[in-house]
Structures are given as C-alpha cells and as structure tokens.
Amino acid sequence: MKEKPKILIIEDDADLVAAMKLMLENRGFAPSVAYDPEEGKEKLISEKPDLIILDVMFGSRGESKGFDFAQEIKLEKEYASVPILMLTAINTERPSFKFSPETDGEFLPVDSFLDKPVRSDELIDKVEDLLRQKTSKWKNWPEKDT
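Residue numbers for the sequence shown follow numbering that gives the first Met the number 0, beginning at 0 and rising by one.
Honestly, I wouldn't trust all of these hints.
[Stated by the list, open to error] Computed spacing ranges between beta-carbons, pair by pair:
{"hint": "1", "residue 1": "R131", "residue 2": "R60", "range": "34 to 42 Å"}
{"hint": "2", "residue 1": "I44", "residue 2": "K1", "range": "22 to 30 Å"}
{"hint": "3", "residue 1": "D128", "residue 2": "A79", "range": "16 to 24 Å"}
{"hint": "4", "residue 1": "R60", "residue 2": "A13", "range": "15 to 23 Å"}
{"hint": "5", "residue 1": "E24", "residue 2": "D128", "range": "16 to 24 Å"}
{"hint": "6", "residue 1": "D67", "residue 2": "E46", "range": "17 to 25 Å"}
{"hint": "7", "residue 1": "D67", "residue 2": "N139", "range": "28 to 36 Å"}
{"hint": "8", "residue 1": "E75", "residue 2": "D35", "range": "13 to 21 Å"}
{"hint": "9", "residue 1": "G27", "residue 2": "L74", "range": "27 to 35 Å"}
[Stated by the list, open to error] Computed cross-link-like contacts, SDA-like style, restricted to lysine to any residue with a CA-CA straight-line distance of at most 20 Å:
{"hint": "10", "residue 1": "K47", "residue 2": "E75"}
{"hint": "11", "residue 1": "K125", "residue 2": "E24"}
{"hint": "12", "residue 1": "K133", "residue 2": "V81"}
{"hint": "13", "residue 1": "K47", "residue 2": "A29"}
{"hint": "14", "residue 1": "K40", "residue 2": "D12"}
{"hint": "15", "residue 1": "K3", "residue 2": "L129"}
{"hint": "16", "residue 1": "K133", "residue 2": "S111"}
{"hint": "17", "residue 1": "K138", "residue 2": "F28"}
{"hint": "18", "residue 1": "K3", "residue 2": "V81"}
It is worth saying that the hints were derived from the structure and are not from the lab. From the three backbone atoms N, C-alpha and C, an ideal C-beta is built for every residue, glycine too.
Based on the sequences and whatever the hints tell you, model everything.
And the structure:
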C-alpha cells in the first residue's frame with residue numbers, strides 16, 4: 000500500500016473536524032484528530048505527522064492556545080520542521096487585523112493561515128503547497144487532478 004502524508008488536525012469544533020477529515024481523506028491524505036493542544040501533543044509524539052492543521056482558539060473562553068502550542072513545538076528540535084497551517088476566524092471577524100507569514104515571519108511559529116469557514120479547495124491547496132515547500136519527503140506529492 001502506498002504511503003500517505005500524515006496530517007494532524009487539532010481543532011475543537013467536531014463538525015469542522017469531520018468535514019476537514021473527509022476533505023483530506025478524499026485527496027489521499029491520512030488525517031488524525033485531536034480536540035485540544037494537550038491531546039495534540041500526545042498525537043504529535045506518537046504519530047509524527049508530516050503537517051499540523053491547528054486552530055488558533057480553544058475552549059468556550061476563546062483562549063489562543065493554538066499560538067502557545069505552535070511556539071512550544073517549534074522550540075523542540077524533533078518537531079521544529081513540521082509545517083503548521085493555522086485555522087483562524089480572526090481575518091474574517093476583524094479584517095483590519097491580519098497575520099501574514101510574509102510580514103510577521105520571525106514572530107510567527109506557523110507556516111501559513113487558513114480562514115474559517117474552511118473551503119475544500121483552499122484547504123487542499125494550502126496543505127499540498129506546505130508539504131511540497133517544507134518537507135523533503137513529500138516534495139513530489141502528486142499535482143492536483145485537472
């Protein structure tokens with residue numbers, strides 16, 4: 000059986016998780032799920048994903064644990080090279096406040112952002128681009144179907 004890129008989704012919205020998992024599986028990825036950063040850390044260690052999709056906010060109080068988690072793993076040598084795609088509703092809720100790896104690269108522990116609501120084509124494009132750019136193992140991941 001052909002090996003598939005392992006994608007770890009760390010997100011607390013079960014409906015969004017189910018949708019993203021299906022989108023990724025349909026494209027040939029092997030997604031796994033954690034519903035908070037603590038569970039995400041356990042799966043990061045046990046599964047060694049090729050890429051992480053990480054929500055910025057967790058819990059009913061909207062704590063920005065996503066950034067804390069990203070900063071923590073980027074400081075660990077073994078995981079520092081794992082690309083992180085951060086999910087955020089910040090850009091759509093407050094359009095004047097926008098993060099960008101291009102302008103905030105040294106500050107940001109993430110490689111790219113994806114706005115909520117998540118669209119399938121945008122998710123797949125970002126995941127494939129990050130895998131090709133940031134990992135040597137998946138540099139030649141198949142191009143999108145035409």
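The hints, checked one at a time:
no.: 1; hint: R131 with R60: 34 to 42 Å; verdict: 37 Å, holds
no.: 2; hint: I44 with K1: 22 to 30 Å; verdict: 25 Å, holds
no.: 3; hint: D128 with A79: 16 to 24 Å; verdict: 19 Å, holds
no.: 4; hint: R60 with A13: 15 to 23 Å; verdict: 18 Å, holds
no.: 5; hint: E24 with D128: 16 to 24 Å; verdict: 19 Å, holds
no.: 6; hint: D67 with E46: 17 to 25 Å; verdict: 21 Å, holds
no.: 7; hint: D67 with N139: 28 to 36 Å; verdict: 34 Å, holds
no.: 8; hint: E75 with D35: 13 to 21 Å; verdict: 18 Å, holds
no.: 9; hint: G27 with L74: 27 to 35 Å; verdict: 32 Å, holds
no.: 10; hint: K47 with E75; verdict: 13 Å, holds
no.: 11; hint: K125 with E24; verdict: 15 Å, holds
no.: 12; hint: K133 with V81; verdict: 8 Å, holds
no.: 13; hint: K47 with A29; verdict: 12 Å, holds
no.: 14; hint: K40 with D12; verdict: 18 Å, holds
no.: 15; hint: K3 with L129; verdict: 15 Å, holds
no.: 16; hint: K133 with S111; verdict: 11 Å, holds
no.: 17; hint: K138 with F28; verdict: 14 Å, holds
no.: 18; hint: K3 with V81; verdict: 16 Å, holds
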